[in-house]
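So the protein sequences, as listed, match chains A and B. Position 199, counted from 1, in the first sequence is what this note's numbering calls 199; the numbers after and before it change by one each time, with no gaps. Position 244, counted from 1, in the second sequence is what this note's numbering calls 244; the numbers after and before it change by one each time, with no gaps.
To be clear, the hints were calculated from the coordinates, so they are not data collected in a lab. No residue lacks a Cβ here, since even glycine has one placed at the ideal position from N, Cα and C. The reader is advised that the hints may include incorrect statements.
Selected chain B positions facing chain A (in silico; Cβ < 7 angstroms) [claimed, not checked]: (1) 58; (2) 60; (3) 61; (4) 78; (5) 82; (6) 83; (7) 91; (8) 105; (9) 111; (10) 112; (11) 114; (12) 270; (13) 271; (14) 273.
For lysine-lysine, the following DSSO-like pairs were computed, each having C-alpha atoms within a straight-line distance of at most 27 angstroms [unchecked claim]: (15) A:152 / B:67; (16) B:67 / B:80; (17) B:67 / A:5; (18) B:112 / A:20; (19) B:67 / B:79.
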Amino acid sequence: MQGNKIVIRNRWFSYLLERKAVLWTAGLWLALLAFTCIAAGMGTLWISPVEVIKGVAGLGDYVTILYSFRLPRVVMSVFAGACLAGAGALLQSVSRNSLASPDMIGITGGASAAGVGFLVLSGGSLGIGGLSVAAAVGAMATAMLLFALAWKGGISPLRLVLIGVALQTAASSLASFLIIRSPHYVASQAFTWLTGSVYGSSWDNVAVLLPWALVLGAFAWALSRKANVHELGEDVAASVGSRVTPERTALILVSAALAGAAVSQVGAIGFIGLMAPHMARRLVGPSFGAVLPASAAIGAMLLVAADTIGRTAFPPNDIPAGVFTAAIGAPFFIYLLVRRRPS
Amino acid sequence: MSNGGLQAASLSLGYGGAQIFERLDLRIPQHQITVLIGKNGCGKSTLLRSLARLLKPAGGSVVLDGKDIYSQPTKEVAKKLSILPQGPVAPEGLTVLQLVKQGRYPHQTWLKQWSRDDEEAVARSLAATGMTAFADRSVDALSGGQRQRAWIAMTLAQDTDVILLDEPTTYLDMAHQIEVLELLSELNELEGRTIVMVLHDINLACRYADHIVAVANGAVYAEGAPSDIVDEKLISGVFGMDCRMIRDPVYGTPLCVPIGARAAASSTFIQTARERESSYVG
Numbered sequence: 001m002q003g004n005k006i007v008i009r010n011r012w013f014s015y016l017l018e019r020k021a022v023l024w025t026a027g028l029w030l031a032l033l034a035f036t037c038i039a040a041g042m043g044t045l046w047i048s049p050v051e052v053i054k055g056v057a058g059l060g061d062y063v064t065i066l067y068s069f070r071l072p073r074v075v076m077s078v079f080a081g082a083c084l085a086g087a088g089a090l091l092q093s094v095s096r097n098s099l100a101s102p103d104m105i106g107i108t109g110g111a112s113a114a115g116v117g118f119l120v121l122s123g124g125s126l127g128i129g130g131l132s133v134a135a136a137v138g139a140m141a142t143a144m145l146l147f148a149l150a151w152k153g154g155i156s157p158l159r160l161v162l163i164g165v166a167l168q169t170a171a172s173s174l175a176s177f178l179i180i181r182s183p184h185y186v187a188s189q190a191f192t193w194l195t196g197s198v199y200g201s202s203w204d205n206v207a208v209l210l211p212w213a214l215v216l217g218a219f220a221w222a223l224s225r226k227a228n229v230h231e232l233g234e235d236v237a238a239s240v241g242s243r244v245t246p247e248r249t250a251l252i253l254v255s256a257a258l259a260g261a262a263v264s265q266v267g268a269i270g271f272i273g274l275m276a277p278h279m280a281r282r283l284v285g286p287s288f289g290a291v292l293p294a295s296a297a298i299g300a301m302l303l304v305a306a307d308t309i310g311r312t313a314f315p316p317n318d319i320p321a322g323v324f325t326a327a328i329g330a331p332f333f334i335y336l337l338v339r340r341r342p343s
Numbered sequence: 001m002s003n004g005g006l007q008a009a010s011l012s013l014g015y016g017g018a019q020i021f022e023r024l025d026l027r028i029p030q031h032q033i034t035v036l037i038g039k040n041g042c043g044k045s046t047l048l049r050s051l052a053r054l055l056k057p058a059g060g061s062v063v064l065d066g067k068d069i070y071s072q073p074t075k076e077v078a079k080k081l082s083i084l085p086q087g088p089v090a091p092e093g094l095t096v097l098q099l100v101k102q103g104r105y106p107h108q109t110w111l112k113q114w115s116r117d118d119e120e121a122v123a124r125s126l127a128a129t130g131m132t133a134f135a136d137r138s139v140d141a142l143s144g145g146q147r148q149r150a151w152i153a154m155t156l157a158q159d160t161d162v163i164l165l166d167e168p169t170t171y172l173d174m175a176h177q178i179e180v181l182e183l184l185s186e187l188n189e190l191e192g193r194t195i196v197m198v199l200h201d202i203n204l205a206c207r208y209a210d211h212i213v214a215v216a217n218g219a220v221y222a223e224g225a226p227s228d229i230v231d232e233k234l235i236s237g238v239f240g241m242d243c244r245m246i247r248d249p250v251y252g253t254p255l256c257v258p259i260g261a262r263a264a265a266s267s268t269f270i271q272t273a274r275e276r277e278s279s280y281v282g
């Protein structure tokens, strides 16, 4: 085999990597880093990337403005975008459906409804940690419901998307109903959360999302080999010795938890879970071990970009990031549908 | 008779209440090519799937190397037996190498995903299927025959003694069908792998099988060597169709000339057919 592969082999471990995938993934992460520095510098006051790096290290004139205002929001965008993209990559892999993404098929909706339900029940008094648990549980419950409903000796991609759309609609109706029936101060809190914006993110929010993102991300990555085999179809997966049902359930639950965690902190930001994995596969190929980190980097960049445009392009208004992700994402979804090979 | 190999013991199979097989006993001869034949919907694919533990039996058991297939960890079974399902679809952009490599799944661990054994088995499978030159090509960009060979290479990389294939020649043109069957028969001959497959083409089944299992009405209608069991009576019993059985002029195996219902009902047709045949034979 030629020079486009890298073989790592010693007594303890051995891997075969595609050079192209490794280089692109590394490149995307570096690009994300650069992108983050530039985004943190943008605003009413322009801070050069060099000053941003100095500021992050605690030097220079901009430490306060960076740490108090700019960074929490940018860092939140990075992790939330990465979580949403990772959730999408997992879902597309396990359902063998390139149209699946947490916000298309009700998982985001389920997280929103559960989050709003939690805010209403707790009267807005409980902490944001509880909100994220509620949203993650809502996401996972919806995911399981979806797969239970869509299951008919296997999962047809179209069936999954159609049932998912119905669940998404039902979940948002439920969320609206809960908001309308709740007292005003809770309603406004829930509504702000639902709109889906990184606006107002603090280090507290980051601290809630970070462990979820890291643990679930690592877990998802550890499942790469299984995800790859599931993409060959249920029968082939079973033939090579995969325990199909428990593994599939694990993949779906990790995906839902990732989406739920992100939604709990930034609200229902759409289309990142759909777009990022597609772009990633174009660059690194279909191997999940590369698709996941590449999607995460792309998802992070998408959300950082959307949020940066939202807060700088139309002053004095701060436009929610979800507006921009939808503006690119909706046409992208239509493009995918039109281009899709008949199956 | 040895304990080794694959067998069905008093196996009952069904889909959602409808019973397809009742207490079926079947022993797959080791190191031979067995072909399951039968009408559409007679359950031959179902039988094949259950032999590969893809379908849980309603009763009885599938025994592999003397032990119930369900009492062994699925990964251990995957080291002894592989199945290539009908019409598998690879994800977009997956290369032949990436596909074939996944046949090594049961031999890999989380840390060891490309051992020397893995590399050798993959190289061997690619060579055996003539796919080495295509290793870096996308599976979805290959021709039908090449694609099927790539999937067979994946199945071979699993390195199992028993290989099951569900209609490996479907959707392939005549030349590609022969190509795939030649490949399988070569593997059987050179490496002694036990091959079990479902085929629709009776003539090709007779040519390539050592052992034929004819399935009809939820039971084994007949089994044995093609030249011993495949005759006009079997075709009529299994497929409900008239035919004339002759000898393959090249391979010497049974060759079936199907006779449609309209022709069978017409006495003039039968008369001309007789004359044609005697002039041909004479």
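We went through each hint and held it up to the structure:
About 16 angstroms separates the beta-carbon of residue 58 of chain B from the nearest beta-carbon of chain A, more than 7 angstroms, and the hint is not met. For residue 60 of chain B, the interface hint is violated, the least distance from its beta-carbon to any beta-carbon of chain A being 20 angstroms, above 7 angstroms. Taking 7 angstroms as the C-beta contact cut-off toward chain A, the hint placing residue 61 of chain B at the interface is violated, the least distance being around 18 angstroms. Interface hint status for residue 78 of chain B: upheld, as the beta-carbon distance to the closest one in chain A is roughly 3 angstroms, under 7 angstroms.
The interface hint given for residue 82 of chain B holds, since its Cβ lies 5 angstroms from the closest Cβ of chain A, which is under the 7 angstroms cut-off. The beta carbon of residue 83 of chain B comes within 5 angstroms of a beta carbon in chain A, closer than 7 angstroms, and the hint placing it at the interface holds. With 7 angstroms as the threshold, the beta carbon of residue 91 of chain B comes within range of chain A, its nearest partner Cβ sitting at about 5 angstroms, so the hint holds. Interface restraint check for residue 105 of chain B: the shortest CB-CB distance to chain A comes to about 4 angstroms, inside 7 angstroms, so the restraint holds.
A least Cβ separation of about 4 angstroms between residue 111 of chain B and chain A falls short of the 7 angstroms threshold, and the interface hint therefore holds. The interface hint given for residue 112 of chain B holds, since its Cβ lies 5 angstroms from the closest Cβ of chain A, which is under the 7 angstroms cut-off. Look at residue 114 of chain B: its Cβ gets to within about 4 angstroms of chain A, closer than 7 angstroms, so that hint holds up. Among the interface hints, the one on residue 270 of chain B is violated; its C-beta lies about 45 angstroms from the nearest C-beta in chain A, farther than the 7 angstroms criterion.
Evaluation of the residue 271 of chain B hint against chain A yields a violated restraint, the C-beta minimum of about 49 angstroms exceeding 7 angstroms. Among the interface hints, the one on residue 273 of chain B is violated; its C-beta lies about 44 angstroms from the nearest C-beta in chain A, farther than the 7 angstroms criterion. Between residue 152 of chain A and residue 67 of chain B, the direct Cα distance comes to roughly 31 angstroms. Violation of the 27 angstroms bound is thereby established for this hinted pair. For a cut-off of 27 angstroms, the pair hint linking residue 67 of chain B to residue 80 of chain B stands: about 12 angstroms separates their Cα positions.
Only pairs whose Cα atoms come within 27 angstroms are accepted, and residue 67 of chain B paired with residue 5 of chain A is rejected, the gap being roughly 41 angstroms. About 21 angstroms separates the Cα atoms of residue 112 of chain B and residue 20 of chain A, which keeps this hinted pair within 27 angstroms; it holds. For a cut-off of 27 angstroms, the pair hint linking residue 67 of chain B to residue 79 of chain B stands: about 14 angstroms separates their Cα positions.
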